[in-house]
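Trainee: Given next are the chains, with one letter for each unit.
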Amino acid sequence: MSTVLASSPTAVAVEPLPAQRSRGYWASVWLRLRRDPVAIGAAVVVLLLIALALFGPWLAPADPYQSSMLKRLKPIGTEGLPLGSDELGRDMLSRLIVGARLSLFIGITPVLCAFVGGTVIGIVAGYAGGLTNTLIMRTIDVFYAFPSVLLAIALSGTLGAGVVNSLISLTIVFIPQIARVAESVTTQVRTRDYVEAARASGASPFTIVRVHVLGNVLGPIFVYATSLIAVSMILASGLSFLGLGVKPPEPEWGLMLNTLRTAIYVQPWVAALPGVMIFITSISFNILSDGLRSAMDNKG
Amino acid sequence: MDTLEDIGGPAQPLLTIKGLVKHFPLKKDPLGRGGGVVRAVDGVDFEVLKGETLGVVGESGCGKSTTARLLMQLIEPTRGEVVFDGREVGSRDLPLKEFRRQVQMVFQDSYASLNPRLTIEDSIAFGPQVHGVPRRDSVARARDLLGRVGLSPQRFAERYPHELSGGQRQRVNIARALALQPRMVILDEAVSALDKSVEAQVINLLLDLKAEFGLTYVFISHDLNVVRYVSDRVMVMYLGQVAEIGPADALYEAPAHPYTRALLSSMPSMDPDNRTEEAALAGDPPNPINPPSGCRFHPRCALAAPVCSRVVPERIATGSQYAVSCLIHEPGSGHPMAQQQQQPLQRQAA
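Read top to bottom, the protein sequences are chains P and L. So the working numbering is basically just the index in the first sequence, starting at one, shifted up by 29. Mapping the second sequence onto the working numbering, position 264 (from 1) lands on 261, and the numbers just tick up by one.
Check before you lean on any hint, since a few could be wrong.
As the list claims (entries may be wrong) - Listing some non-contacts, in silico: residues in chain L with all C-beta distances to chain P over 10 Å: (1) GLN9; (2) LYS94; (3) ARG97; (4) ALA109; (5) HIS128; (6) ALA137; (7) PRO150; (8) ASN170; (9) ASP220; (10) ARG225; (11) TYR226; (12) ILE286; (13) GLU311; (14) ALA335.
As the list claims (entries may be wrong) - Quick look at which bits of chain P chain L covers, simulated, 3 or more residues with Cβ under 8 Å: (15) 221 to 228; (16) 306 to 320.
What the hints assert, rightly or not - With beta-carbon atoms standing in for the labels, derived distance ranges: (17) P:ALA80 with L:GLN151: 38 to 46 Å; (18) L:LEU28 with P:VAL178: 37 to 45 Å; (19) P:LEU164 with L:SER317: 37 to 45 Å; (20) L:LEU28 with P:PRO66: 55 to 63 Å.
For the record, the hints were derived by calculation from the structure and aren't laboratory data. Every residue gets a Cβ at the ideal spot worked out from N, C-alpha and C, and that includes glycine.
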């Protein structure tokens, strides 16, 4: 048969191919991301923050819990207190560095949990369609209808103060948002011809989702989730601010913002520092997720 | 996976479609009004014989692609049955999964029908793996098939779809359809999106593969020239119904249905002496939500008579393998042209 084919004009499909080995999808996303200096800058900041979170206790110049009645509310640049001191005379620099761990932890963990939960719910709703979709999505809408701050406060208040409870309530706040995105992306992918072709080869829904849907929806959901990390940090800080999250004397940026607010007229720059950290973190995650989005949008 | 045996013998049609209907319900407004149906496919009967190529032609929106998806059981028919080699699809004799091994489909959009995250060989090997072929064997089969569709396995197997041209991707789609060793392949506008030169190559490839694997094709296209070139028989669809079905040469040389005539006269001719004379079709096809009464073609038909808006034409066999749904060919239907010929038009089988 091969001889027949070789002699027929159909056997030749002459078209040049790029010489280099073909890259996978994520490799090409990385290649495009690398050419985006702003996104790379944000990624470097994010990595620095993560390093801070991991090694903070060893990097801090002083004990973040050590208070001193004599050195209360010193301005930035004081001898031995490069970023001043808080209302109990603790070293701000050390507290900001050590606070990175807890702040990032309560910012990222709920998003991670909601990423898993929301993706599962969204894919099930999106792929099943019809009545199942309506039931799931209308239930989700009930949660979605509340402003997220209000919902987080209400849930935290009901569950009681504490880090774990604030993580749980933030996860519940984010699941509907991620599920919405997952559902809409899955609904788009479900009608693509390659999913139809997979159905036509007799594959079960589970196999189709695993092989053909998951790889094509995780990217957009992941990007959306990255952008939620900033929101999550701010909400978590808000919960700490209200006394529903982290308890004093733990160093956490939201809580520090809260306890320093009374000093805003005395030492405004010092009082603003935890806010600056939250701002830097959330904007870095936002820029990074924007860069990821455009790197993944690029077709071909 | 063994080769599939022929059950009913060569005389039994491979696929028999009886009274196939697909109505898509429309959404009602909040007051409960509306809620009609789109009659995408409205009572279609035909057979696909073993080893033939059945061409399906018609304007956009006439139900060609819906019919293809119904055949493939990708959408649930409202009514009607699909019988494959004497066994009803979805029954205990022929479960859906088994049917889907025997019938495969190639879609129009070569890019959308390949998963962008999978390599070519993984895309082709997916089907056999679903049917229990070990991964190693299915990848080997994928590479073998790549060679048979004219793509070198060494160069293409580990590529991603976006690195290939449209023609190459459509070859991959064909290989994917053949990976399950089906008996029948539905080609839904499979070559319509390709350049003319590439289209010719792919059509020749399809014809070669048909001979090599003993396949049966349902070839759906709006390109009348291509359909004539590849088809043994041709079915003309209009607004979800079959207007005319018959051997390709007979149908193209002497179309019986006024719609087929209009469709064929709209075909550009290469011969300046053979210019389009008959009025080509004017206007758009009517709305399938509320199709015309009687014969659905009568508002656009050059030969329409008053009776055409009242009486639904029946399917009249006008020869072996040839059938037409038009009152002109129905003796005693009341159409002025039908009265002149009391006998149904007898034609020679081509």
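Trainee: Would you mind marking each hint as holding or not holding in the structure?
Mentor: For each hint, the structure was consulted:
| no. | hint | result |
| --- | --- | --- |
| 1 | GLN9 | holds, 23 Å |
| 2 | LYS94 | violated, 4 Å |
| 3 | ARG97 | violated, 4 Å |
| 4 | ALA109 | violated, 4 Å |
| 5 | HIS128 | violated, 7 Å |
| 6 | ALA137 | holds, 16 Å |
| 7 | PRO150 | holds, 12 Å |
| 8 | ASN170 | violated, 8 Å |
| 9 | ASP220 | holds, 19 Å |
| 10 | ARG225 | holds, 20 Å |
| 11 | TYR226 | holds, 14 Å |
| 12 | ILE286 | holds, 22 Å |
| 13 | GLU311 | holds, 34 Å |
| 14 | ALA335 | holds, 43 Å |
| 15 | 221 to 228 | holds (count 7) |
| 16 | 306 to 320 | violated (count 0) |
| 17 | P:ALA80 with L:GLN151: 38 to 46 Å | holds, 45 Å |
| 18 | L:LEU28 with P:VAL178: 37 to 45 Å | holds, 38 Å |
| 19 | P:LEU164 with L:SER317: 37 to 45 Å | violated, 54 Å |
| 20 | L:LEU28 with P:PRO66: 55 to 63 Å | holds, 57 Å |
Hint check: violations occur at hints 2, 3, 4, 5, 8, 16 and 19; the rest are consistent with the structure.
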